[in-house]
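Number of protein chains: 2
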Amino acid sequence: MTTSNKIVYTLTDEAPALATFSLLPVVSSFAKVAGIDVETSDISLAGRVLSAFPERLKDDQRIPDGLAELGELTKKPEANIIKLPNISASIPQLRACIKELQEQGYDVPDYPYEPANDEEKDIQARYAKILGSAVNPVLRQGNSDRRAPPAVKAFARKYPHSMGKWSKASRSHADWMRDGDFFSSEQSVTIAEAGDVRIEFVDKNGKVDVKKTLPMEEGEVLDSMFMSAKALDEFFLRTIEECKEDGVMWSLHVKATMMKVSHPIVFGHAVRAFYKEVFDQYGDLFKDLGANPNNGMASVLESIKTLPHSKQDEIEEAIHSCYEHRPEMAMVDSVKGITNLHVPSDVIVDASMPSMIRNSGQMWGRDGKQKDVKAVMPESTYARIYQEMINFCKTHGAFDPTTCGSVPNVGLMAMKAEEYGSHDKTYELAEDGVMRVVKADGTVLMQHEVEKGDIWRACQTKDAAIKDWVKLAVNRARQSGTTTIFWLDNERAHDRELRKKVEKYLKDHDTSGLDIRTMGYVRAIRTSMERMVRGKDTISVTGNVLRDYLTDLFPIMELGTSAKMLSIVPMLAGGGMYETGAGGSAPKHVQQVLQENHLRWDSLGEFLALAVSLEELGQKNSNKRAEVLGQALDKATGRLLEENKSPSRKVGELDNRGSHFYLSKFWAEELAKQTEDKELAEKMGPVSKQMNEQEEQILKEMSEVQGKPADLGGYYHLDKAKADQVMRPSATFNKILDSLK
Amino acid sequence: MTTSNKIVYTLTDEAPALATFSLLPVVSSFAKVAGIDVETSDISLAGRVLSAFPERLKDDQRIPDGLAELGELTKKPEANIIKLPNISASIPQLRACIKELQEQGYDVPDYPYEPANDEEKDIQARYAKILGSAVNPVLRQGNSDRRAPPAVKAFARKYPHSMGKWSKASRSHADWMRDGDFFSSEQSVTIAEAGDVRIEFVDKNGKVDVKKTLPMEEGEVLDSMFMSAKALDEFFLRTIEECKEDGVMWSLHVKATMMKVSHPIVFGHAVRAFYKEVFDQYGDLFKDLGANPNNGMASVLESIKTLPHSKQDEIEEAIHSCYEHRPEMAMVDSVKGITNLHVPSDVIVDASMPSMIRNSGQMWGRDGKQKDVKAVMPESTYARIYQEMINFCKTHGAFDPTTCGSVPNVGLMAMKAEEYGSHDKTYELAEDGVMRVVKADGTVLMQHEVEKGDIWRACQTKDAAIKDWVKLAVNRARQSGTTTIFWLDNERAHDRELRKKVEKYLKDHDTSGLDIRTMGYVRAIRTSMERMVRGKDTISVTGNVLRDYLTDLFPIMELGTSAKMLSIVPMLAGGGMYETGAGGSAPKHVQQVLQENHLRWDSLGEFLALAVSLEELGQKNSNKRAEVLGQALDKATGRLLEENKSPSRKVGELDNRGSHFYLSKFWAEELAKQTEDKELAEKMGPVSKQMNEQEEQILKEMSEVQGKPADLGGYYHLDKAKADQVMRPSATFNKILDSLK
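Respectively, the protein sequence lines represent chains A and B.
So the first sequence is residues 1 to 741, counted in full-length UniProt numbering.
So the second sequence is residues 1 to 741, counted in full-length UniProt numbering.
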């Protein structure tokens, strides 16, 4: 194995970038004692803009393309990357950034909305690579390993978040399609030899329309499935009827963001079902106005604003009268009257269901009161796990964060595995016929009879990704000594194919002494919950969608949030990427710094990621000291939480910088205390002593600066010297850190 | 193995005894063709009275002691007993029987209520052996094998019983103690060597009171456990409070009949909790009046009748005001105002819970309407399985009898195994102290700190019974090729001991190719239900209490009743007893015969038992023809059900006798049709032909007699000739049967 004692720390945007000016010196200084270099890589929005136009910049203005370099690094076994949150830039954000850079004297071009010539087309193409979620696809070159760090878990046990009490008589439940959904129609094949396959539609007259040709690798798993539009409509009408009868609220839970082709269509069906009479009467008018129910009732309400007032009133009246004979609908915002069907991105199943379960199984009604609810999730594949958890809470009460165990996840994600890769292979059918997947030689691999309006999709999973996923699961089982469950449902075609591979690849590993099981989803979640309430941990090894769902569901029960989870991408090539928390790059935090020089950003995610990064680097390079450093950092983070030295939101109180000081103090203390590396302990003893003795002085220097505006020399592209000045206000603390180098 | 071609058919009481006059000639005639003798054994109430006083009877009046003979037979491997329902005689029934016998000229003595001398004491002692449930303990010398016969299952699939629809939003649930119950305190030991153990109470001053000395066998499992009175009271008050909050009815489900020492005490606690204010105020008065809440509110209401009217009114007022701030209580009889707490024998968990689950999870309210309910079952050991089924029904809807599989049971029952044997080792504690189980040498095997009012009990299970139970389970798994689950809960001390034995004894058998699993109760019932809804059968191998509960729970879902189950006791000595249905001996049926010569008794249970009896006799004695006979009988029974030739309740329509004719006709037809035994087919061909040809004549002869009073020459002790005359009215049919001999 190539060895390396290098950690790459990403420079990103806004609050996390600002915090880095304070934290990185700490990290570099401590890493140095284990012989580790901490390098930086600029993947900020400004950085990516600058690196896209080297030919327009002066020599001293040019910077390397950090993302491209990192992309290369992910293919090397020595990769060890700390990835902080960055901006997924919208066009307005990109334009603001360009403007700032131009003002700073960088000759970057304006963003051309409508390119007039080849040059502008080239400019637009370069900017296109910078827009949106451009970073994750480049860096996530592996499967996913998410878990609650011990320090975070210990904190949740000691200071539990609130959990809504469950009534044993709760009426809340999940409901799903019993037939006609993706689950019931799923077919799956493992490709025996590499080659192209075609996705084809055959109409009633036998005319073949090739929708797409896909190059397949040997051993790749290819699925196809469809959702019947008729069955979907019947399902929605049945659930609406049942809610009315039972007196519970109706609430739709889909994932129109991730399942970005299929689920908006499903959402549109729900809108048309709930407001059936309105669409029966005005559907054609809405179509003429360009309103799309797939975008929610907001789209309809927006579109009718162009109509005469009397017509608007008439339609609003019709909408209102729907409510009168419909069950109550769960509200996203009862004050503003925003329902569950307003826009498809408001209620996202992986967030909304844990929130409902944490909240006594209830959601908010029109009157602003919490009520029992039917959680409508058409696709039965995943909905059943939520019902199992609901039944579990009805039986055993809410989970108790002070005693419950943890359910970390190993998720199949590499090489665009599974459902994430399905968007470009999803079709809403325009007419009745047959959808099929055909080999180059004409062999039909899979086919479905479909009707107009049905949603058909295919989905690929690469063999190498599966193989790596199995390896990661075994590694995690071995490292943690935790019972490990592969969530594979024998009633699902795709999972039956995966199960064969899992059984095969497990033989490549030494699994002696490990408790590795395979179960269907419902049994798996039940077993995990039963262990959880007895304080036991259980690793869930799942596909990509369940990865997404479970890494919210369990953390929200255990920790009250999924933002405190460790998120590691052990890369296919052998390296590791350590992601620091969810929750974006917090523009509001920067505003507060500019106004009153107080940074409320909590670097907890960075502390946690760094600890794992150090430990894994140590293990891979036989750098015992790095491991000791990582373990001590974990303990320091635990103490930081325990002793409540996280940043406050209020000016004048401890902020991000003060929190970094305490982390340093605890880290040094833990290193001085540990006995595994005596030399290190001796070296850190005096450092720890200094920090303790000068604690008051350091805090004074740090708090003195607060309350006044701060000058960072930029927003997207900070002035390094100014930012350094602002973020390292304590000369005393800086001096101690420098002494470590 | 000793071989025998003999079946013993029991002569019992009332309707089944009367039906036997018609059915036995059929059975004997058909059995004869396989060389099988059908002998009778008189275990009727009258028979047992007569055999108890041989010295007072004339020579021709004396009869042998059938029960004693059968008791001896159960110890022999050749035992093959068809056991029909008999009277568990109360004293009034016994006296009526004595009177009838005396009038018939039998010099049996009167029953002495208060024996005045030794002779009368002797008489009372002899009668004591006849009273109550005297037959089952003598005959049930083995474990239990209960299953739905294929013909019955097929009938239920074709003509399903009604099942109440489940709402997914149902509020109904089961609730149990989370701590302080028998489950949480259970301890269990396996006795290493035979010897006495003592059950002792040690008071606060160290004074030891030996409650009982028990001789223990080697390998016997001995449990001890207690229920905390305080925890029980808190539990009841909590559940009452929750029902009030949640707006569901409160309903107590215990088994005060079977758990006849512990559960009446539990019942009493419930009464005192629900009517807390009444007992706070009048408890002492009730005690003075001799009212015992363990016997229900009926006892209280009865006792206060001796008080002045004004006082009665006051107490009734107090009771009434309880209802006002209590939740609604489930009613046994809403018309008569009989609540769940009226008498402890009204709501018996093994019957009441399946009935509730079959009934949409609802029970009856005071207003005669069905409502959701909290089913309160203090002991968590078994309550959890009901909640699992309730959650299952909420999720998947009611079971569908037309498609669902079956859950037969193999129950540990032999040698008074387990909980049935606990009554003489159950104590309600009079003061605080320690209950312990001590070996002869003083070693303390188990002990519990107990408080005044706690209920402590011990429970024995013999090693030989367990060994036989495992064998029976393997045999049933092998014979049926069905997945088999041992219900043993690792969280229960008793089950952990049993599990060791099961694992050991399973090795004594060839289990290759069998699917035998072991699971905790909740997992076991869930797995069984998941298989059930997919049409798959699963044998439940359980302890004695679960045997009792499950052989009602599943049959009521599958068949609508548990009365149609086959109930076999494969005896430890190798023989078999085949019990024919539950449901008593139906005195009302006899009244109808006396008045209008129509017997509505359905001999289905006898048909089913006889078929198995024949098959097992055939297998044991390599009497292939007996097996063919049994299989044909099963098919005939199936046709009887399918073609609706069961007895009608109305005079003039087909009754018990006509139903026996059809059974014979179908049986003969099936025998003539089968190809396994050609000689037999040839023999039965003409018989079948005759029955077909003379069907009209036979039915005519059978219906002609109906509508007039019938003379049976007695009620408890029939005149054989007269009964024969009444029950075999068709000379044509009799002649055909005679031709078989």
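Simulated from the structure, these hints should not be mistaken for laboratory data.
Using N, Cα and C, we set each Cβ at its ideal position, and we do this for glycine too.
Take the hints with a grain of salt, since some may be wrong.
Claimed, not checked - Now the in silico label distances, taken between C-beta atoms and shown as ranges:
| no. | chain 1 | residue 1 | chain 2 | residue 2 | range |
| --- | --- | --- | --- | --- | --- |
| 1 | B | HIS161 | A | LYS230 | 50 to 58 Å |
| 2 | B | HIS161 | A | VAL208 | 28 to 36 Å |
| 3 | A | GLU451 | B | HIS161 | 34 to 42 Å |
| 4 | B | GLU241 | A | LYS244 | 44 to 52 Å |
| 5 | A | LYS165 | B | ARG499 | 35 to 43 Å |
| 6 | B | HIS161 | A | THR213 | 55 to 63 Å |
| 7 | A | THR443 | B | THR402 | 34 to 42 Å |
| 8 | B | HIS161 | A | LYS165 | 49 to 57 Å |
| 9 | B | LYS650 | A | GLU451 | 52 to 60 Å |
| 10 | B | GLU241 | A | SER162 | 18 to 26 Å |
| 11 | A | PRO709 | B | GLU245 | 37 to 45 Å |
Status of the hints after comparison with the structure:
no., hint, in the structure
1, HIS161(B) with LYS230(A): 50 to 58 Å, "violated (33 Å)"
2, HIS161(B) with VAL208(A): 28 to 36 Å, "violated (52 Å)"
3, GLU451(A) with HIS161(B): 34 to 42 Å, "holds (38 Å)"
4, GLU241(B) with LYS244(A): 44 to 52 Å, "violated (31 Å)"
5, LYS165(A) with ARG499(B): 35 to 43 Å, "holds (36 Å)"
6, HIS161(B) with THR213(A): 55 to 63 Å, "holds (56 Å)"
7, THR443(A) with THR402(B): 34 to 42 Å, "holds (40 Å)"
8, HIS161(B) with LYS165(A): 49 to 57 Å, "violated (39 Å)"
9, LYS650(B) with GLU451(A): 52 to 60 Å, "holds (53 Å)"
10, GLU241(B) with SER162(A): 18 to 26 Å, "holds (22 Å)"
11, PRO709(A) with GLU245(B): 37 to 45 Å, "violated (54 Å)"
Hint check: violations occur at hints 1, 2, 4, 8 and 11; the rest are consistent with the structure.
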